[in-house]
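Peer 1: The lines below spell out each chain.
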Amino acid sequence: MSDLAGSVTLSQVADHAGVSLATASRALNGSTRKVKPELHQRVLASAAALGYSANVLAQSVARGASKTVAIVLGDIADPYFSAIASGVIRVAEANGLVVTMAATGGDADREDATLVAIKGQRPQAVILAGSRHIGEEAGERMAREVAAIERLGGRVSVIGSRTTTGRAVAVLNRAGAADLADALIDLGYRNFAIIAGNPDLVTAAERSTGFVEAAAARGIVIAPDRVIPSKFSRDGGYESVSALLASGARPDCVFAVADVVAVGAMAAIRNAGLVPGRDIAVAGFDDIQMLQDVTPSLTTVALPLAEIGARSLELALADNPDASLTAPIEGRVVVRDSTPPRRAD
Amino acid sequence: MSETLGDAGPRRPVTLDDVARRAGVSQPTASRVLNGSARKVNEALRERVVTAARELGYTTNLSAQAVARGTSRTIALVISGISDPYFSAMAAAIMRQAELAGLRVSIAVTDRRSDRELELVREIRGHQPLAIILAGTGFLAPHPEDTLVDELRRYEETGGRVVLISRTDLPFETVSFDNHEGARQLARELAGLGYRRFLLLGSGTALLGMQQRIDGFVHGLADEGISHAADRILYPEFSWDGARRAIESLEEDTLREVELVFAITDDMALGAIAGLRSRGVSIPDDVAVAGFDDITTLRDIVPSLTTVHVALDTVAEEAIHRATTDGEVFTRKTVPAYPVLRESTPGV
Chain A
778 MSDLAGSVTL
788 SQVADHAGVS
798 LATASRALNG
808 STRKVKPELH
818 QRVLASAAAL
828 GYSANVLAQS
838 VARGASKTVA
848 IVLGDIADPY
858 FSAIASGVIR
868 VAEANGLVVT
878 MAATGGDADR
888 EDATLVAIKG
898 QRPQAVILAG
908 SRHIGEEAGE
918 RMAREVAAIE
928 RLGGRVSVIG
938 SRTTTGRAVA
948 VLNRAGAADL
958 ADALIDLGYR
968 NFAIIAGNPD
978 LVTAAERSTG
988 FVEAAAARGI
998 VIAPDRVIPS
1008 KFSRDGGYES
1018 VSALLASGAR
1028 PDCVFAVADV
1038 VAVGAMAAIR
1048 NAGLVPGRDI
1058 AVAGFDDIQM
1068 LQDVTPSLTT
1078 VALPLAEIGA
1088 RSLELALADN
1098 PDASLTAPIE
1108 GRVVVRDSTP
1118 PRRAD
Chain B
5 MSETLGDAGP
15 RRPVTLDDVA
25 RRAGVSQPTA
35 SRVLNGSARK
45 VNEALRERVV
55 TAARELGYTT
65 NLSAQAVARG
75 TSRTIALVIS
85 GISDPYFSAM
95 AAAIMRQAEL
105 AGLRVSIAVT
115 DRRSDRELEL
125 VREIRGHQPL
135 AIILAGTGFL
145 APHPEDTLVD
155 ELRRYEETGG
165 RVVLISRTDL
175 PFETVSFDNH
185 EGARQLAREL
195 AGLGYRRFLL
205 LGSGTALLGM
215 QQRIDGFVHG
225 LADEGISHAA
235 DRILYPEFSW
245 DGARRAIESL
255 EEDTLREVEL
265 VFAITDDMAL
275 GAIAGLRSRG
285 VSIPDDVAVA
295 GFDDITTLRD
305 IVPSLTTVHV
315 ALDTVAEEAI
325 HRATTDGEVF
335 TRKTVPAYPV
345 LRESTPGV
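Chains as they are written, first to last, in the working numbering: chain A, 778 to 1122; chain B, 5 to 352.
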């Protein structure tokens, strides 16, 4: 029952306690079926005496997979991820599962290493919540790790875009960004700068491209030097906009591909002695929880983040996912005080 | 005892099991003595184990322990929540420190529910991480059942390490912030700025660390000769929303009298600000606000928030040290917390 040479097995504990394997398992692994108190005590005493620890590998062999759902995300401090995680946790709880999280910092190599480590947990489901990387190599590597997890009885679900294969929650980033561009142009904005995040990440690339294309369709060309790559973080927004303003540029609206980046952008505008909203408008994407404390309130594309998380786990647990689980997720433009109507010059 | 090893074959490294047999104790007992554990071992037994270890030349080998543990370079972090910016900052700090030590962190969330906490620890224990870190605000009352304690002890007996951050409800040593002193110093600073009439927002859930912040603040005011009326301390639900609702439901004449609102966390301070704004109050001109934690992700809030800084990185560093160190017996450690004055409390 155990993969590790020298480890105490559940069989040994059962023998030692003079109970059946099933009883020992129920006593140690937790079960809705009760075990007689005196038998329970014997099993616990034997387990302690032998130094047994409920080795999840043993359970996995018996059941195919453990009770764990593993979420792989980018940055634990990023409110976008914690909102998604809350949705995963809700569904996990309803299914008697426990959730663990690991962060990769957006690094593809770390994601691979994390997946290798997660395999050891024999998870029932793995949610890949971090943004996908563009490029064939990243895709193939990931496909191998996904296959390895599935061989161990787990299922992998990806929060991604329209083009992600396999069990995926497709977030319509491109369309959302396009809708936002239209709304901002309707409000009178003409001169845009985009804080575009990491161009290797699918999410960032789609949001940026969607915005540029929609603006072009309205006759507004956003020059390549106004599509600025940045770190996908508050500091990324702060640094990029600081540099932009220091160069003398004065866009009338800054679009940041994520709210955390937008918050940094607003701080940079303030730091340059300007008023966000009134002097330079700012828009973001995601509608994270912390926006409730940001002033002026931030215009954004709202995503049902918790729902996305919940859906990703439901998808992983469903043997035959139906259409309701595979429908793509749309964003909804929410106009707030950071993009007041702009008077025509 | 004249058993010798290696009579019948090639020498091999001395294991914990060899020591246990030589000392005539169980393996868990030998582990407790040599790996460090909050559980006391009978002095006579301890002596035997230590002697046996010395005679056999046993050394606590970290990688051997990792094999014995079944894994790994992973630490399991169990925290109360992650939506709360304090906890996600804490988790990030621990991950940074863990990374420096070449370790991976897996995180699980309890939502301050003891049933979920127990389930999580049970499941996580099976993955045999190097250490389990439990970080929380610490319940006022000791843990109602012993089952969680049993799980943690069993985990320790197989060589795992239990590390606590701000948990005073479990019989293991904890790393804490100096909640009382930090709040006390803040109160003194604010009194020094001329503030006299305060409203305090505490926690509706009985949490020891949070109550220490209220007590400390009241103590600091008393230091400055300001006696604080008990009815100026409210205990809303321990959340941003709870704070907001508490402010929104204040009587008009009560609100008019308040010069400064102190909330036990930055998160609640922000909820209070939202509540004040919804009542047409301007911050800091009409009412000043102060919090506690100094959460970095909130640094862009306007006006910038006066708070008490807690050295999360110091706590995280200490936690990782405890998670990776053998043989040391750890006692409670309190990390200093100090006030940081910002735009939300300009002075009277």
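Since the hints were derived computationally from the structure, they do not count as laboratory data. Because the structure is a prediction, the values reported are computed rather than measured. Idealized CB from N, CA, C, for every residue including glycine. A couple of the hints might just be wrong.
For each label pair, taking beta carbons as the anchor points, the in silico distance ranges come out as [stated by the list, open to error]:
#, chain 1, residue 1, chain 2, residue 2, range
1, B, V344, A, R867, 32 to 40 Å
2, A, E927, B, G106, 23 to 31 Å
3, B, Y342, A, G1050, 29 to 37 Å
4, A, G912, B, R77, 50 to 58 Å
5, A, V998, B, S253, 35 to 43 Å
6, A, R939, B, E261, 36 to 44 Å
7, A, S1074, B, D317, 50 to 58 Å
8, B, D317, A, A925, 34 to 42 Å
9, B, Y342, A, E990, 31 to 39 Å
10, B, R77, A, A1095, 28 to 36 Å
11, B, E332, A, G1050, 18 to 26 Å
So these bits of chain A aren't anywhere near chain B, every CB distance computed over 12 Å [what the hints assert, rightly or not]:
#, residue
12, R887
13, V1037
14, R1047
15, M1067
16, L1094
17, E1107
Peer 1: Each hint should be assessed against the structure and marked as holding or not.
Peer 2: Tested hints:
1. About 36 Å separates the C-beta atoms of V344 (chain B) and R867 (chain A), a value consistent with the hinted range of 32 to 40 Å.
2. Checked against the hint of 23 to 31 Å, the C-beta distance between E927 (chain A) and G106 (chain B) comes to roughly 29 Å, which is consistent with it.
3. A beta carbon spacing of about 31 Å between Y342 (chain B) and G1050 (chain A) agrees with the range 29 to 37 Å that was offered as a hint.
4. For the hinted restraint 50 to 58 Å between G912 (chain A) and R77 (chain B), the CB-CB distance of approximately 29 Å leaves it violated.
5. In this structure the hint that V998 (chain A) and S253 (chain B) lie 35 to 43 Å apart at CB is violated, the actual value being about 53 Å.
6. Here the CB-CB span from R939 (chain A) to E261 (chain B) is close to 57 Å, at odds with the stated 36 to 44 Å.
7. Restraint check, S1074 (chain A) to D317 (chain B): a C-beta distance of roughly 32 Å breaks the suggested window 50 to 58 Å.
8. A C-beta distance of roughly 35 Å is found between D317 (chain B) and A925 (chain A), which places it inside the suggested range of 34 to 42 Å.
9. Against the hinted window of 31 to 39 Å, the Cβ-Cβ separation of Y342 (chain B) and E990 (chain A) comes to about 51 Å, which falls outside the hint.
10. R77 (chain B) and A1095 (chain A) have their C-beta atoms about 34 Å apart, which keeps the hinted 28 to 36 Å range intact.
11. For the hinted restraint 18 to 26 Å between E332 (chain B) and G1050 (chain A), the CB-CB distance of approximately 53 Å leaves it violated.
12. For R887 (chain A), the requirement that its beta carbon stay farther than 12 Å from each beta carbon of chain B is not met, with the minimum near 9 Å.
13. At roughly 8 Å from the closest C-beta of chain B, the C-beta of V1037 (chain A) falls inside 12 Å, breaking its exclusion from the interface.
14. Its beta-carbon lying about 7 Å from the closest one in chain B, R1047 (chain A) breaks the requirement of being farther than 12 Å from that chain.
15. Not every CB of chain B is more than 12 Å from the CB of M1067 (chain A) (nearest about 7 Å), against its label as outside the interface.
16. Non-interface status of L1094 (chain A) relative to chain B is upheld: no Cβ of that chain comes within 12 Å, the nearest being about 17 Å off.
17. Under the 12 Å C-beta cut-off, the non-interface status given to E1107 (chain A) relative to chain B holds; the minimum distance is some 24 Å.
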